Amino acid sequence: MKQFSRRSFLKTSASAAGAALLSASPFALNVIRAQGDYQGKFVIMSAGNAEQNAGLIEGIQTQFPGIEVEWRGLTSERYAELFTASEVAGDQIDIMDLNGQDLRRYAVGGRMKDLSSLSYLDRFRPVGLETYTVGGTLWALPNGGISGFPFFVNRKALDTIGFEGDPESYQDLLDIAPDLKAAGIAPFVHGGQNIYLWPIWQFWGYAQSSGNNAVEGTYSVLTGDTKFTDPEHLAGLEYLYRYAQDGMFIDSVNSMDTDAAQLAFTEGKGAFWYHHSSFVGTYRTGEYPNLDLSFIQPLRSVEDTSIMRQLPGGTGAAVGIYANIAPEREEIALAILDFMTSDEMTALRNESGADAVSTNVNVSPSEDPLALRYAEIGSPAQITYLDWYWPPEITRAFQEHQQAIVAGTETPDVAAQGIQDVLDELYADGYEFVS
Amino acid sequence: MASITTSVQRDSPRGSWGFRLGKLSPYLWILPALVLYSVFKLGPLIGGLVLSVLRWDGIEDPVFVGLQNFERIFSDDIVGLALTHNVLYALGTVTGKIVLALFLALLLNQGMRGRAFYRTSLFMPVVMSFVVISILWSWLYNPDFGLINSLFKSLGLDFLALNWLGDTDIALGALIIVDIWKWYGFHMVIFLAGLQTIPVELYEAARIDGASNRQQLRYITLPLLKPVMVVNVTLSLAGAFNVFDIPFIMTQGGPANATMVMAVHIYLRGFKFYRFGYSAALNYVLLVIVTLVSALQLRLMSSNDGD
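So the sequences go chain by chain: L and Z.
Just so you know, numbering that gives the first Met the number 0 puts 424 at position 425 of the first sequence, and the rest follows in order with no gaps.
Just so you know, numbering that gives the first Met the number 0 puts 162 at position 163 of the second sequence, and the rest follows in order with no gaps.
What the hints contain is simulated information worked out from the structure, not anything from laboratory work.
Treat the hints with care, since some could be wrong.
Subject to a maximum C-alpha distance of 27 Å in a straight line, what follows is the list of computed DSSO-like cross-link-like pairs (lysine-lysine) [what the hints assert, rightly or not]: (1) Z:LYS271 / Z:LYS40; (2) Z:LYS271 / L:LYS226; (3) Z:LYS152 / L:LYS268; (4) Z:LYS271 / L:LYS112; (5) L:LYS180 / Z:LYS152; (6) L:LYS180 / L:LYS268.
Here are the simulated distance ranges between beta carbons [as the list claims (entries may be wrong)]: (7) Z:ASN241 / L:LEU81: 19 to 25 Å; (8) L:ASP291 / Z:SER153: 27 to 33 Å; (9) L:LYS226 / Z:TRP138: 39 to 45 Å; (10) Z:VAL126 / L:GLY183: 39 to 45 Å; (11) L:ASN48 / Z:TYR117: 41 to 47 Å; (12) Z:ILE45 / L:ARG283: 53 to 59 Å; (13) Z:LYS271 / L:SER118: 35 to 41 Å.
One-sided and incomplete, this derived list gives chain L residues near chain Z with beta-carbon spacing under 8 Å [to be verified]: (14) VAL252; (15) ASP256; (16) LYS268; (17) GLU399; (18) ALA406.
This one's a predicted model, so the numbers in the text were calculated from it and none came from an experiment.
Note that the Cβ used here is the ideal one computed from N, Cα and C, for glycine as well.
Assemble the whole structure, with the sequences as input and the hints as a guide.
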């Protein structure tokens, strides 16, 4: 008897699910068969891998006979370098399936087609469309899950010290911290060794200090109207400094990677963990006897209680059409884009990504209580990750200086000046922000 | 090969095809290697030089900027910091690897039982991938769950249970230890090969003259190991200046740039900030530095030879 590996099992199941879904789908009947005469290879350059998208690939090939999808999983980290290499080599590129943070680069760089006039934009939640509109033009369609970074709470840890309810402000955390520490529990764990995870602390902090105008404030700083050393921006760094100075982080925070942080949190060594909402799916499929998972919005660090405690997040993958696509494949690319972002295919993607909230209005991805809670209180309070607007140099500058703040080797004002210096250098180099 | 060539030359009259082929044959033999070297080494080297005088982000058309990318290096604060870390890294790893490798090679050169087993075991880290080693050591260094701190704590040496990768003062040292562990086996094998070329008669004569073990080491072993030492130090030094994998995987240059080295800085400038031209210019500067340091070291060691 043929042995199925885990990989082949997943791939077969996903393909079968995709094909079954497709055959029962109204899309199969209603899709505009605008593929023209093109048959043959169709290339999707994606930040995701082919295995995860096996159902979608199978679905496209079934829906468009004669099309052979070549799914190039470049990964998010290496997208820029591999895409550039492909482009320079003159490889075929048809659809770009990007991590949202990379959209701006390719949109401003003229690598994507204008999608503003598509007829089916009402299938998406408006927040996704707004996020992928740059300079008044829609460059990509949001696809997948709306997700973000809430403060995860281990209720068992709070039960240990007899704390009921949810803390709301930083002061609440300060009040319970001594009891937590006495019980051998760090108030916060965070994968601080993973430098990429530090800017999210600025996102929620600045969301509060800017009076819930973080995106507008980011536009303002990137166009040179304000500076990172201004009080509102500085405040975000000061909140982080306070967390570090008050001993809210586990001692090893800067040498803890994501796995170690997860281990510490799930083993009850930390009461809070700042991590991505996809952890809900991990929690449901694993066994964690020392964890009773819940989450809250980031704690209030400002006096004004009318300010919303926003959390940073993203609006799924950004799927668009390569600007220099060969004319004979343009029609089919539009049809495939329509199909890829249909409710049926998005539901499939939501399932594989264990998403709490879908980018599509009519898709409800999960009945999980925590996912529903995220849909109810997380997603409405979500602001776009600010590094989707920042140039990468600024993201790196934040990462380095935030680590230094937590390590105690820099104060917030020195860090803010360092970050502003990087931006000033970019201006001197001709950097220009397109809102 | 030499004898075949000679024979073709001897039997073929001058000007004949055979004669010409005989003259060409050395070049034909090295042609495949030369092609590969040209495509994968010389080509990128020249391409990099061209890139270094351009401003190119991979999206916009490249713009010729002359030496601007090189000028910019002088105002880049991270370059000085990264180079300092490279020098410290070189000092730590070269010293650590050479001393440890030499010590172990001397031990294994004795007629001890299980020598092959020890030699193989000690060589094992060399064949392991950098990624595996980096992840392995990240966990060993973990302050809360790691074996190293657990061991120190169980021995009552709590003061040695440190925040290995999270403390800006010791993170670079922690990476140096990993590098030494990864490579000492390689240098040990080279030392062992060198030790086995030293004639035993020299030691016998020295013993007859009443030389102690320490004197034999100082006056026979170390001087005769000098050529091998030069190879080991050169390789180790060049490796230290080009180091990328361990800091990139274990700390990404952090915390707060405490482990930032040139290769990581170059990578970030190129592939994260899309400044391919500047990144290429930095690469050339690194190439010059490594060449100068290696040349200086070779010169110093060969001048000592004359003494």
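Results of checking the hints against the structure:
1. Taking the CA atoms of LYS271 of chain Z and LYS40 of chain Z, the gap is about 24 Å. The hint holds against a cut of 27 Å.
2. Annotation: proposed proximity of LYS271 of chain Z to LYS226 of chain L holds, straight-line Cα distance about 23 Å (limit 27 Å).
3. At roughly 18 Å between alpha-carbon atoms, LYS152 of chain Z and LYS268 of chain L fall within 27 Å of each other, so this suggested pair holds.
4. Between LYS271 of chain Z and LYS112 of chain L, the direct Cα distance comes to roughly 24 Å. Compliance with the 27 Å bound is thereby established for this hinted pair.
5. At roughly 20 Å between alpha-carbon atoms, LYS180 of chain L and LYS152 of chain Z fall within 27 Å of each other, so this suggested pair holds.
6. Distance check on the hinted pair: LYS180 of chain L and LYS268 of chain L sit about 10 Å apart at the alpha-carbon level, within 27 Å; holds.
7. One distance hint, 19 to 25 Å for the beta-carbon pair ASN241 of chain Z and LEU81 of chain L, holds here, with the actual separation near 23 Å.
8. Remark: the range hint 27 to 33 Å for ASP291 of chain L to SER153 of chain Z is upheld by a beta-carbon distance near 31 Å.
9. Hint check: LYS226 of chain L to TRP138 of chain Z, Cβ distance near 41 Å, so the stated range 39 to 45 Å holds.
10. For VAL126 of chain Z and GLY183 of chain L, the hinted distance range of 39 to 45 Å is satisfied, since their beta carbons lie about 41 Å from each other.
11. In this structure the supplied range 41 to 47 Å holds for ASN48 of chain L paired with TYR117 of chain Z, their Cβ-Cβ distance being about 43 Å.
12. A hinted range of 53 to 59 Å for the beta carbons of ILE45 of chain Z and ARG283 of chain L is consistent with their spacing of about 55 Å.
13. Here the CB-CB span from LYS271 of chain Z to SER118 of chain L is close to 38 Å, well matched to the stated 35 to 41 Å.
14. Taking 8 Å as the C-beta contact cut-off toward chain Z, the hint placing VAL252 of chain L at the interface holds, the least distance being around 7 Å.
15. Of the supplied interface hints, the one on ASP256 of chain L holds, with its beta-carbon coming within about 6 Å of a beta-carbon of chain Z, less than 8 Å.
16. Using the Cβ-Cβ criterion of 8 Å, the hint placing LYS268 of chain L at the interface with chain Z is satisfied: the shortest such distance is roughly 7 Å.
17. With a least beta-carbon distance of about 5 Å to chain Z, the hint placing GLU399 of chain L at the interface is held under the 8 Å criterion.
18. For ALA406 of chain L, the suggested interface contact is upheld, since its CB lies about 5 Å from the closest CB of chain Z, less than 8 Å.
Checked against the numbered hints above, the structure breaks none of them.
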